[in-house]
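Following the hints, complete the assembly by docking chain B onto the known chain A.
Going down the list, the sequences are from chains A and B. When we follow our numbering, the leftmost residue of the first sequence carries the number 1, and every step to the right adds one. When we follow our numbering, the leftmost residue of the second sequence carries the number 1, and every step to the right adds one.
Hints may contain errors.
You can't tell identical chains apart in this list, so a pair holds if it fits in one copy or across any two.
Claimed, not checked - Below, computed lysine-lysine pairings styled on BS3-like, alpha-carbon distance capped at 27 Å: (1) Lys12 - Lys100; (2) Lys141 - Lys231; (3) Lys100 - Lys40; (4) Lys51 - Lys312.
Calculated from the structure, these hints are not laboratory results. In this text the structure is predicted, and so the values were computed from the model without any measurement.
As a plain string of letters, each chain reads:
2 protein chains.
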Amino acid sequence: MSYLNRIYSGLKPYTPGEQMSDQNYIKLNTNENPYEASEKARKYAQAELSKTRLYQDPENSRLAEAIAKYHHVNQNQVIITNGSDEVLYFIFAGFFTGEKPLLFPNITYGFYRVYAGFCGVNYREVPLKADFTIDLDDYTKGNANIIIANPNAPTGLKMEPSDIERILKADQNSLVVVDEAYVDFGGTSCIRLVEKYDNLIVVQTFSKARQLAGARVGFAISHEKNISDLKKIKYSINPYNVNRISEAMAIGAMEDQEHFEKTISKVIETREAFTSAIREKGFLVLDSSTNFVFAKHPGIKGKALYTKLREKGFLVRHFDTGLLTDFIRISIGKMEDMMLLADAFDNILREAGQ
Amino acid sequence: MSYLNRIYSGLKPYTPGEQMSDQNYIKLNTNENPYEASEKARKYAQAELSKTRLYQDPENSRLAEAIAKYHHVNQNQVIITNGSDEVLYFIFAGFFTGEKPLLFPNITYGFYRVYAGFCGVNYREVPLKADFTIDLDDYTKGNANIIIANPNAPTGLKMEPSDIERILKADQNSLVVVDEAYVDFGGTSCIRLVEKYDNLIVVQTFSKARQLAGARVGFAISHEKNISDLKKIKYSINPYNVNRISEAMAIGAMEDQEHFEKTISKVIETREAFTSAIREKGFLVLDSSTNFVFAKHPGIKGKALYTKLREKGFLVRHFDTGLLTDFIRISIGKMEDMMLLADAFDNILREAGQ
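Pulled out of the complex, with its shape left as it was, chain A reads as follows (with noise of 0.2 Å):
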């Protein structure tokens, strides 16, 4: 028998991408960083591995007060979480469970389906427009809670902040949630209207630009009434949530900006230069402004794609529903990786006479 609550017999969990344990493979599934954390990251976290038998401050203040100088915020408006994941489902819990209805675009980050499931949220997809571009208006008839990646995922695609800004201005009764996982990989944050608009909540993660993926740290910025309430459920739920060498690992990565700037530059034009490549072979790429990239090939599938590429050695990312299908999402790896992938496809493309 099962003990869990029937109310959870449809969940839909989330399915993350193929973490191998076998190393045979160039890895461009999950959007991970191909260059390591800054030394400094490293350093610091070292330097806790002969504390552990203490814990953490729960309130992760060194690091809150790193993120809050380095945005120019007040320590007040930050939070810490395992992961921005973390974060999502706090706000997911706490903000999304009453009667307004939650919007966000049916092509976007699948974990927003997910955590609404299971928190019971009232929640409505909206279509994004054929370029896979939101249409602003969807957003803007009010009363609604809204969350939006930006730049999205799995397109790569970013708005302008102006645009959010309107959004924002639109019902500042309903919460507006900015989810900034590869903003720094060329989109544009929204901190700077926080100080404008009590109803923004930015998240943002170490995991891509700051190369923190398998040490779990995001954040969260807002109003600090928000924050104090986001801060309610943390210590409903977990208190001491980021460990104490993660949170080190992130100060030392806050603190090493050329590293940052260095590795983030090297994505980039490595993306650039893979984005002409391939789209030289007929793949429609759209243009991203993060560290994957969507792209399709109007002769072969998605699926056919994904499978001949993980026999050449090559793990992509994709998604088998509905207007995803016929695209891949490709991680930007180290320049001489994505041009190993772009000579695969290549044969591929060759094998099936294209």
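Showing chain B alone in chain A's frame:
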């Protein structure tokens, strides 16, 4: 205005023990281990610091395998979480939110009440007997889920698995969760009963006897169906919940049985010496099977004792509620610190004219 769902307006989050950044205290307030983690744990963690760009295996399979092997269960009977607090939350959210009431002692880990409040659980706190032990008859009437900390906190008292088995047997349609955070310091685990009872979930942590409080690793062992249900919750909230560094540390800690046993022996030896020493000074000390003692003195109230100890540089925990208010909870530190504390008691009692 607040965007938080009104259902949370009466929320009473957990209050963690003080975590001072100030190092001038002898810190005996959050049941931390006085010894550092095994060198093997630190070595394994260090090897991960240059791999953080990559997500960890979301199943934490290597650690799950190590735990399964150690406890003679199958790997699919284990779930790894971000401290045991996280798996407790999964259990409350997933299993305790139906109509069936949940029972737990009125004196126990304070977080159960918080989870129950947050998740909207129909719960009842069952009074302990005057000697702070559990009345088994309260838990064998059927038609109620049950959570028991064994050994209990903050009393430090243990129950035998044969008593837990009576509860398990009484109603196999209800779930019994045994929280064994402190079991390694003198209790007997109920993990062996998992084989026989599908309605048992045993929760343990690496925070206490494995010295990883600041790395955040906990786990639960149960029938594979319950673990699979708990994973549905995990994959609906935070699939990458335990980072790769903490996972590696926990594996190292599991492999160093000698360090584990040696440090436990030292804690137990210190606990017994300290208990004898302060009993001689007139303290009532409950028989502890944990790494803390729960004690009171007839001549001085718990709050006053807490305050005076703080003035003298010792941080202990005082719970300012009902039956607990006369007591203080003292974590077991190194022998020399505990003897300093015993001396401090002499001074405090003298100053109080006792």
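**OP:** At 27 Å max between alpha carbons, let me know whether Lys100 reaches Lys40 within a copy, between copies, both or neither.
**Re:** Close neither inside one copy (45 Å) nor across copies (52 Å); limit 27 Å.
Subject >> Identical-chain pair category, Lys51 with Lys312, by Cα at 27 Å >> reply: Result: close only across copies, 24 Å inter versus 44 Å intra.
**OP:** Using 27 Å as the alpha carbon limit, work out where Lys12 and Lys100 are close: within a copy, between copies, both or neither.
**Re:** Cα proximity of Lys12 and Lys100: in one copy and across copies (22 Å, 25 Å).
**OP:** Could you place Lys141 and Lys231 in one of the four classes (within, between, both, neither) given a Cα distance threshold of 27 Å?
**Re:** For Lys141 and Lys231, the Cα distance exceeds 27 Å both inside one copy (30 Å) and across copies (38 Å).
Against the hints set out earlier in the document, violations occur for numbers 2 and 3.
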